[in-house]
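Asker: Residues per chain are reported as follows:
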Amino acid sequence: MSFRIKGRTVTYTVLTAGLLAWLLPFAWMALGSVKNQGEILRRPPTWWPENPTGENYSQWFGHLHFSTFFMNSLIVAVLTVLGNLVFCSMVGYALAKMEFPGKKLLFATVMVTLMVPGVVTFVPLFVMVSKMGLLNSYAALVLPFLTAPIGVFLMRQFMLGIPEALLEAARIDGAGELRIFARIVMPLCGPPLATLGILTFLSSWNNFLWPLVAAQSEDRYTLPVALSLYSTGQNATNYGLLLAGSVLIIVPILLLFVALQRYFIQGVATTGLK
Amino acid sequence: MTSPRTPTVVNSTVGSRLRRKQAYIAWGFCLPFVLVFGIFMLVPLLGSFGMSFTDFTARDIRSPFAVNFVGIDQYTALFGDPRFRQAMLVTGLFVVVGIPLTMTVALALALALNSGSGRIVSLFRVGFYAPVVTSIVAVSVVWRYILQPEGLANQALSLIGIQGPDWLNDSTWALPSLILMAVWRNVGTLMIIFLAGLQAVPQDVHEAAMMDGAGGFRRLISVTLPLLRPTLLLGAVLISVGYLQFFEEAFVMTKGGPLDATLSVAYYTYQQFGFGEYGLASAASYVLFLVIALVSLVQFRLLRSQD
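Same order as they appear, the protein sequences are chains E and P.
Under my numbering, the residue at position 110 of the first sequence is numbered 110, and the numbers go up by one with no gaps.
Under my numbering, the residue at position 165 of the second sequence is numbered 1165, and the numbers go up by one with no gaps.
Don't read these hints as lab results, they were simulated from the structure.
Keep in mind that this is a model prediction, so the values were computed, not measured.
There could be a bad hint or two in this list.
Claimed, not checked - To give an idea of the chain P side of the interface with chain E (calculated C-beta under 8 Å), a few residues:
#: 1; residue: Q1022
#: 2; residue: F1029
#: 3; residue: G1047
#: 4; residue: R1085
#: 5; residue: R1125
#: 6; residue: F1128
#: 7; residue: Y1145
#: 8; residue: Q1203
#: 9; residue: V1205
#: 10; residue: F1247
#: 11; residue: F1289
To be verified - To be clear about the criterion: a stretch of chain P counts as covered by chain E if any three or more of its residues have a C-beta under 8 Å from a C-beta of chain E, and this derived list gives those stretches:
#: 12; segment: 1146-1154
#: 13; segment: 1249-1261
#: 14; segment: 1275-1282
Heads up, the beta-carbon is just placed ideally off N, CA and C, and yes, glycines get one too.
Construct the complete structure from the given sequences, taking the supplied hints into account.
Answerer: Given below as structure tokens:
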């Protein structure tokens, strides 16, 4: 028994050391973001900031238009999430609870496109969006992600488990499909909606390739696009500024993660697809 | 009882009318998805395939009638381009080295956490998972800072008397550095999946093995891992689909360099797009897609065999 307890202590000591190492980049990022340029270039690097400064952050909030990038990211993410919640649920409901010609084909198409990476579609998408005159608009940033096969799959899987008797009873009472969907099905779908909402928000917030080609002026940049362009441009070695930018992108999502970790982790464990 | 037919006939016409009504309603439910998905996913997906057989360039956005069908010329050009072959090699290395590393670390973590319980485990789980939710662009910035010639990594190495290289500007070390970062960022996903898999391993199998005198290591090799095989395979496929597309790390940390040492297929595609060579970019993306589709196919097989 004591051998086991000892083994466990060793395990936890190793795990704790590992965890600290794992989180070190975050700590280093946060510490670097409050160092001034002189200190950040110092060799060897200082661990704790000598004169903590908010200057890097005030640059972001000042002439670097952080609030514009933040709002762009937020607007795009919120619209994308809303679209996915509504539209994917609707298809999920039809696929799970209705019979109609073309159903099998629709579901097969959804399954086949589950894994299509953005890198395959972005070139023709760019051509199309330019043709539509939508380049550099919110529509261009949102529309391609307004629905996703993964969402349809997730909602359908959950809705298959809703008892048919419940829907039949409502149908006999004369409720239309839309009413049944809105009043009976959706209120039962809390867990998959939470998972889908979080997965969608996360991938929208961190999305990079498409906003990089579709957003062409500063007033449409999302946060990752803005940070990547600063970090490869003339500010490439202005690490204090870049680290502050990284903190500003990561902190909202980390807060969300810590608050809703159960759903994040459930999402990964159940779908296994993200 | 004399005319059992009449009601059936009536029922079937009412039934077929109802069925047709339901079909309309059902397609009504699907309409927004079908429209958005059709226009922004299916059309580009087929468009990309189509464009890969043409000489489409950036100029042709304005005058699409100047586009010519060129057969498989773009694919010939692609495989004739040493930079594309380099990109395939880099992507292949990234996957072949990155996957086993990620899986080993994730499995070790999952095994260590599986024996414990309660709050402390969920703390570790959250901690190791945290990098997964972060923007690759944002974490690439701090990793670039850590991997500078006199950054944190080399300071740590100098403590044990090793003079570290200029990681990201050294053509030998740049790719391993990106792999290391990918492992750091993705272990969390696999850890969660493996933990879920481990929890499904029945306890009595372990007890039986223990009765037979099997030690911890022996049980891991002969009981746990074989039972975990489907989960391990699933994890490998999931992560490899992500690793095959790696782009952002290279974009922010190395720009594909030095000397194309970190040029991935996705990055190559992006570059050709930037040069306005849309036909060639589409061909490159389709080659990548084909590989990803094959890997996904394996996944479907696995998912099905799990049911």
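Asker: Now, for every hint given, state plainly whether the structure supports it.
Answerer: These are the hints, each one checked on the structure:
1. Interface hint at P/Q1022: satisfied, since its Cβ lies 6 Å from the closest Cβ of chain E, which is below the 8 Å cut-off.
2. Interface hint status for P/F1029: upheld, as the beta-carbon distance to the closest one in chain E is roughly 4 Å, under 8 Å.
3. At about 3 Å, the closest approach between the beta carbon of P/G1047 and any beta carbon in chain E falls short of 8 Å, and the interface hint on this residue holds.
4. With a cut of 8 Å, the hint placing P/R1085 at the interface with chain E is violated, because the nearest CB-to-CB distance is about 18 Å.
5. Of the supplied interface hints, the one on P/R1125 holds, with its beta-carbon coming within about 7 Å of a beta-carbon of chain E, less than 8 Å.
6. Satisfaction of the interface hint for P/F1128 is found here, the shortest Cβ-Cβ separation to chain E being roughly 6 Å, below the 8 Å cut-off.
7. The interface hint given for P/Y1145 is met, as the beta carbon of that residue sits about 5 Å from the closest beta carbon of chain E, less than 8 Å.
8. Because the closest C-beta pair between P/Q1203 and chain E is about 16 Å apart, greater than 8 Å, the hint is violated.
9. Contact between P/V1205 and chain E, as hinted, is not supported at the beta carbon level, the nearest pair being about 19 Å apart and thus beyond 8 Å.
10. Checking P/F1247 against chain E: minimum C-beta separation of about 6 Å stays under 8 Å; hint holds.
11. The beta carbon of P/F1289 is positioned within 8 Å of a beta carbon in chain E (closest approach about 4 Å), and the interface hint is therefore held.
12. Under the rule that three or more residues need a Cβ within less than 8 Å of chain E, the assignment of the segment 1146-1154 of chain P holds, with 4 such residues.
13. Counting residues of the segment 1249-1261 of chain P whose CB falls under 8 Å from any CB of chain E gives 3; the rule of at least 3 is met.
14. Residues of the segment 1275-1282 of chain P with a Cβ under 8 Å from some Cβ of chain E number 3, which satisfies the need for three, so the listed coverage holds.
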